[in-house]
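Trainee: For the protein sequence lines, the chains are A and B, in the order given. Number 471 marks the last residue of the first sequence (our numbering); no jumps. Number 411 marks the last residue of the second sequence (our numbering); no jumps.
These are calculated hints, taken from the structure and not from any lab test. No residue lacks a Cβ here, since even glycine has one placed at the ideal position from N, Cα and C. Some hints could be false.
Unchecked claim - One side only, chain B facing chain A, incomplete, derived with CB under 7 Å: (1) Q31; (2) A43; (3) L107; (4) G119; (5) L181; (6) Y184.
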Amino acid sequence: MVFSSISFLFYFLPIALGLYFLAPGKIKNLVLLIASLFFYAWGEPAYVLLMIVSIFLNYGAGRLIAARRNRISLSLGIAANLLILGFFKYADFLTGTLNSLFSLGLPELDLPLPIGISFYTFQAMSYLVDLYRKDAKLQTNLIDFAAYIAMFPQLIAGPIVRLRSIEDKLHSRTHTLNGFARGARRFAVGLGKKVLIANNIGAVWDQVSASDLTQLPVLTAWIGIAAFTLQLYFDFSGYSDMAIGLGKMFGFDFPENFRHPYESRSITEFWRRWHITLGSWFREYVYIPLGGNKKGLKRQLLNIFIVWMLTGLWHGASWNFVLWGLFFGVFLLLEKVWLLKRLEKIPRVLTHLYAIVIVMISWVIFSIEEPGSIAAYLKAMFGFGGGLADTGSLYLLTSNLILFIIAAVGCTHFPAALGRFLIKDRERGKHSRIDESELGVSGIGVILQNLWTLALLLASTGFIIASTYNPFLYFRF
Amino acid sequence: MARTRSQKGRIQVNNVLTALIFTVFIFGFLIASLVLSDRTFSDMENRNLAEFPKISGETVLSGDFTKGFETYVQDQFPSRDRLMSLQTGLQRAAGKKDNGMVLFGQDGYLFSIETLDEEQLARNVGYINTIAEKMGPGIFCQLMVVPTATDILKDKLPSYAVTPDEEGALEYVRANTRLEYTDLRDTLRQHASEYIYYRTDHHWTTLGALYAYNAWKGEPQSAREYAAELVSDQFYGTNFSKAVLSSIEPDSIYRYNDPADPEAHPMEIYEADGALSKQLESVYDESYLQVKDKYSYFLSGNNPVTKIRGSSSEAAAGKRIMVVKDSFAHCFIPFLLEDYEEIIAVDLRYYRADLTALAQENGITEVLFLYNVLNLAQDKNLIFAAK
């Protein structure tokens, strides 16, 4: 089930919320678990069994690690998770690669990818490692642990929540009106980001990427990849917002996953702002265990390459993702040994430009699977395709100009700042914070904020319904 | 008031309001969905809406049930058409020039987004040549291909819109057909400022068809004095269905009556197997004026074979025409009533039997192929008649 669907928004969510809040405190986690399993089974009726197996397996592995405290038990647990992930996500990629290299003719499994498997196995592995390092406590309550692994808000697209960061709340949490309201606002923003911006600007990319890439004018190529750049951010961060918002409604505080990444002034900075929970997972559980930067420069460079190859591979079982990860690896290395210091000396605007152009080029590699097409697209961007612009590029630009402006401004910190400015309580000025989480709000702010939330919900519903609008026309006859 | 209310109190009000809005919103639509009874048919989309899917172990495990459920709740969503209208309104407010299905033109014109398959067009022109040859020398075969609004009303398209090259396609047809050909480009362009295409539908208007009829007869002006009769001013066509928006004005449908024509022109509609399925007093089917699909007023919509009694005048004696056509012909055919003894309209989408035999059985003396250019380039049925 996806969040931006009628069955989630108007069937699953009200029923799940209703049951959850009606249930007494002791069985709230059980209700959350059942709801989550139902949520998962809705889209993956067969693979929900795989998830249940994974829950039991990691629960058991946790007990083993806590009892033995040795590397063997940890390795067993990690290996089991990697085996599951490898089998369901990478088996065909591996056999396909081997077949094309050695023409072995190995049969392909053709298994559909279980949704969210990359997220929940990574969460499970983080628990096992943290437990081994004594950063997390042994989970003895199977229901609580299962609710953590299967928890539907972050199941499909993150953020990757480490158990130790929500451990206290998993066992006992309070539900406040403030938490619910803030969660609802955050959810509405996320829904709007996904449905109003990502889906619409994504249509521009679909159109451009479906055309003949070798004949693409420069302007069209840049419009296309700009559209994809914005689509990816609004889609992904919109999902994270919805997850964080839902989490708040259920009494959790999930970690932030994006902090205006396209404002970055270097690739190093970009990866501190983009998909933050994945970056810190790889740092914590791969980069630092490999020795990080503590074993000399050569070893550090190697570690960076390993981490970025794996990061690429995590995004999808295909060579273009590996290439994409290594592309970032190269720039991160370059920045580390030489470029970062230079960047500090040149004008701000140029550093922004440098970072965003590199990121946009990376999205070309990310979004196009076939190497020949990646090359054709990059050529087109730099003038070796089909001229500067044509009527088609001007049409795309003029028809989507307002959408591009909204999206481009929307991915910076300005909208949030504007929102705070509009609703802040002027009687108390800047210092009206009651605590860290609550800004003061003016009377007009109350009206604006609620109208905004309602408008987002309504407009998003309109766009979801419109996407299913399917007039059957006695065609042209 | 606000001054006396404490900051904490105001935050509380804010939170209560947000929580209420959110819960009322999601529960409201849920309850409305459950309470309202299902619609079986959508006028706007001209299709049957999904029903509650079959639930069984098999459909659940295969995922068919959940997919069916999603379609069902989308189709039966309360205020579906109004939400669609909201979406179109927002898109237009954001300066979008199209919604993926139609281009938003000037003066309320909606243009359907189409493609033109040049290879299929070339094949179809060839098939029509073959069919004409098979008809034999005794039957006079003619071809008329209609440009669409996208071509004739170019000025009303949004700026920089890329549309199919109808001009090139029509030129190809003119150069490659071996039939008597009527080129409508100049005629329709001369009248481009008049109401010759519907704003909300992909068809031409009866007035557009009248100009085409004159051009086909080789007369610069109508020989007959027609009286235009308004039959509906509430026509929302196919392009409106693709871009529902409440601020769009409906179209008007006219029919052209010749007061000098004293005769009735009853119509018989046949299935593909030759069975008579419907009989009407005239070429107009009043029942369609009550539904959304009002263009089907002409000739009672799409049917395999339609036989119309023409004129018993001396001028028409012995003249029997077969019109092989798409729906553009529907508002054109009434102009033929006084010229022919009998008119047979054939829709090759539904009629796959032997066309030559049908012509011979009915003593046909003339054949007119009448298609709009995009259809001609799309049609996959002419091949069966050419075999």
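Trainee: For every hint, state whether the structure bears it out.
Mentor: Okay, the hints, checked on the actual structure:
no. : hint : in the structure
1   : Q31  : holds, 5 Å
2   : A43  : holds, 5 Å
3   : L107 : holds, 4 Å
4   : G119 : holds, 5 Å
5   : L181 : violated, 10 Å
6   : Y184 : holds, 4 Å
Hint 5 alone, counting from the list given before, is not met by this structure.
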